[in-house]
Amino acid sequence: MTSLAYTLTDSATMLRRQIRHIQRYPSLTGMLIGLPVILMLLFVYVFGETLGAGLPGGGGDRGAYINYLVPGILLFSVTGAAQGTAISIAMDTTEGIVDRFRTMAISRASLLTGHVLGSLVQTMLCIAVVLAISLAIGFRPTATPIEWLAAAGVLTAIAFALIWLSVALGLVSDSVETASNLPMFLTILPFLGSAFVPTDTMPTGLRWFADHQPFTPVTETLRGLLLGSGIGSSALIALAWCAVISLLSYLWAKHSFHKRAAR
Amino acid sequence: MAVTTATRPAISVSGLRKTFGDKVVLDGIDLMVTEGTVFSLLGPNGAGKTTMVRILSTLVPADAGSIRVAGHDLAREPDGVRAAIGVTGQFSAVDNLLTGEENLRLMADLHHLGRTEGRRRIAQLTDRFDLGELARKPASVYSGGMRRRLDLAMTLVGDPRLIFLDEPTTGLDPRSRHTMWQIIRGLVAEGVTVFLTTQYLDEADQLADRIAVLDHGRIVVEGTPDELKRRIPGGHILLRFTDVTALRTAARVLAVAQRDDDALTLQIPSDGDVRSLRTLLDRLDDAHVEVDHLSIHTPDLDDVFFAFTGTPASTAAQNAVTGGDR
Numbered sequence: 001m002t003s004l005a006y007t008l009t010d011s012a013t014m015l016r017r018q019i020r021h022i023q024r025y026p027s028l029t030g031m032l033i034g035l036p037v038i039l040m041l042l043f044v045y046v047f048g049e050t051l052g053a054g055l056p057g058g059g060g061d062r063g064a065y066i067n068y069l070v071p072g073i074l075l076f077s078v079t080g081a082a083q084g085t086a087i088s089i090a091m092d093t094t095e096g097i098v099d100r101f102r103t104m105a106i107s108r109a110s111l112l113t114g115h116v117l118g119s120l121v122q123t124m125l126c127i128a129v130v131l132a133i134s135l136a137i138g139f140r141p142t143a144t145p146i147e148w149l150a151a152a153g154v155l156t157a158i159a160f161a162l163i164w165l166s167v168a169l170g171l172v173s174d175s176v177e178t179a180s181n182l183p184m185f186l187t188i189l190p191f192l193g194s195a196f197v198p199t200d201t202m203p204t205g206l207r208w209f210a211d212h213q214p215f216t217p218v219t220e221t222l223r224g225l226l227l228g229s230g231i232g233s234s235a236l237i238a239l240a241w242c243a244v245i246s247l248l249s250y251l252w253a254k255h256s257f258h259k260r261a262a263r
Numbered sequence: 001m002a003v004t005t006a007t008r009p010a011i012s013v014s015g016l017r018k019t020f021g022d023k024v025v026l027d028g029i030d031l032m033v034t035e036g037t038v039f040s041l042l043g044p045n046g047a048g049k050t051t052m053v054r055i056l057s058t059l060v061p062a063d064a065g066s067i068r069v070a071g072h073d074l075a076r077e078p079d080g081v082r083a084a085i086g087v088t089g090q091f092s093a094v095d096n097l098l099t100g101e102e103n104l105r106l107m108a109d110l111h112h113l114g115r116t117e118g119r120r121r122i123a124q125l126t127d128r129f130d131l132g133e134l135a136r137k138p139a140s141v142y143s144g145g146m147r148r149r150l151d152l153a154m155t156l157v158g159d160p161r162l163i164f165l166d167e168p169t170t171g172l173d174p175r176s177r178h179t180m181w182q183i184i185r186g187l188v189a190e191g192v193t194v195f196l197t198t199q200y201l202d203e204a205d206q207l208a209d210r211i212a213v214l215d216h217g218r219i220v221v222e223g224t225p226d227e228l229k230r231r232i233p234g235g236h237i238l239l240r241f242t243d244v245t246a247l248r249t250a251a252r253v254l255a256v257a258q259r260d261d262d263a264l265t266l267q268i269p270s271d272g273d274v275r276s277l278r279t280l281l282d283r284l285d286d287a288h289v290e291v292d293h294l295s296i297h298t299p300d301l302d303d304v305f306f307a308f309t310g311t312p313a314s315t316a317a318q319n320a321v322t323g324g325d326r
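These protein sequence lines map, in sequence, to chains A and B.
Per this note's numbering, residue 1 is the first one in the first sequence, and the count goes up by one each step.
Per this note's numbering, residue 1 is the first one in the second sequence, and the count goes up by one each step.
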């Protein structure tokens, strides 16, 4: 076999390992699904009526707010799942198993590739469950099949970017606890954007941040695809953010992985 | 020791140096390990044993020195080295969320063994390491000895010709320790070269063809177990008597100088073999001397260190279980 073939085989082996981990550690996936679902129920049933009334155009109700909220909740699910990646990377590196892999003649990239692909599968699983529940409680998207596909693509792109970022965060953590805390800022970011309420009502400084941080264009793109609101330049900006975060995080992760080896 | 046709070096190291920050961990190491033999690196925690293993197994680069492992230059062909070696580190390297069988399967897949060959190998190792009953349980429920066995079995899936065992019995109960020794002897019988680190003299003595004593990053002495033990004065038989008369008679009969009149004890150099012990007791019987108490002291790591460095092994060696040297 060629070295590329080995890389693919080894990555597939590592992916199988990650899938097993997801099966054996269902409480992690449960937590990753539970948090966005609880948040969604809270926002819809506790704040929903009031927040709906404050939406642009006025006179909205709980139903209008569900539609506004769900794209943001899907994004929030991605940030939570990324946290799971950091935890599972740190679980690996703080135990001896990674050193074992390193002393074997296997593709160096395969371990990280396996983690990233495994997390991607886990994230998409979480999103599917959260989406199903949102449909059950009254989310009414207007997307065509093509738009659904595009929305799935955007979610995959942002998940891919945040998972690589979490891989790097997991690698620089000395313990599983640190790894679980470091990506926490990611779960806050959707709140400081257009995921839960429009940015118009925020104070100037915060509003500027909210309009320019990466989560807002992603949220707006998803909202546009699923509900037909205007997308404008959001899609392009969102994909550019995803590409930049993916690339930088990949380089950071690769560097940390090699540096960690030399200790 | 398995007899191989040629005595090629499995490992040759010269002028190896490694520092972490301003701490010199390995300071000019030269050593040679012949194929098909067991080489033991003996030393207390913090001596640099684990660093040595980490360098030789391609985990950490050396700062200086030329190193060849399994016929490959370590710096230029690390993948060639990796393909030939197996490593069982000091800290268990098993996947806790996978079962024993899945752990072995993972190794078989990473060695690209193929379905049939992989299955055959896994069955063979499960049987040999007595992992059968727990093979379908996750590794997290395994006992310490069981984990080490699984760990070593995983190392052997790829059929390495050279294996590194970093303190393979530290923290194990005596029974698991003996099982591990038997497994290592079995490997050697198959012609595998073993590089073993340990802080127990008896372990090195039991298993190794050659022993090198590592202290503060330098090899202070190297030789066969017998050569080393001959130079260690620590092994002795201690006899205690009920009164001074008996003590004096015994001292005269045995012609021993090491006499303690207050404690009523005599110290006779011995490596603890039965024949010399019997002779000793016969001579005392012939002289009608009554011995109150007898104890045998075998040399330990402290004796080795005292003999070759003039200072005892660092006290860290006493806390073997919690220790982790780098």
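The hints are simulated quantities; they were obtained by calculation from the structure and are not laboratory data.
Mixed in with the good hints, there may be bad ones.
[Stated by the list, open to error] Residues from chain B that face chain A, not an exhaustive set, calculated with beta carbons under 7 Å:
(1) Arg-82
(2) Val-87
(3) Ser-92
(4) Leu-110
(5) Gly-114
(6) Glu-117
(7) Asp-226
Where a beta carbon is used, it is the ideal one built from N, C-alpha and C, also for glycine.
Here is how each hint holds up against the structure:
1. Arg-82: Holds - the Cβ of Arg-82 (chain B) comes within 7 Å of chain A, reaching about 4 Å at its closest.
2. Val-87: holds, 4 Å
3. Ser-92: holds, 6 Å
4. Leu-110: At 5 Å from the nearest chain A Cβ, Leu-110 (chain B) passes the 7 Å test, so the hint holds.
5. Gly-114: At 11 Å from the nearest chain A Cβ, Gly-114 (chain B) fails the 7 Å test, so the hint is violated.
6. Glu-117: violated, 15 Å
7. Asp-226: Where the cut-off is 7 Å and the nearest Cβ of chain A is about 33 Å from Asp-226 (chain B), the hint is violated.
The structure shown violates the earlier hints numbered 5, 6 and 7.
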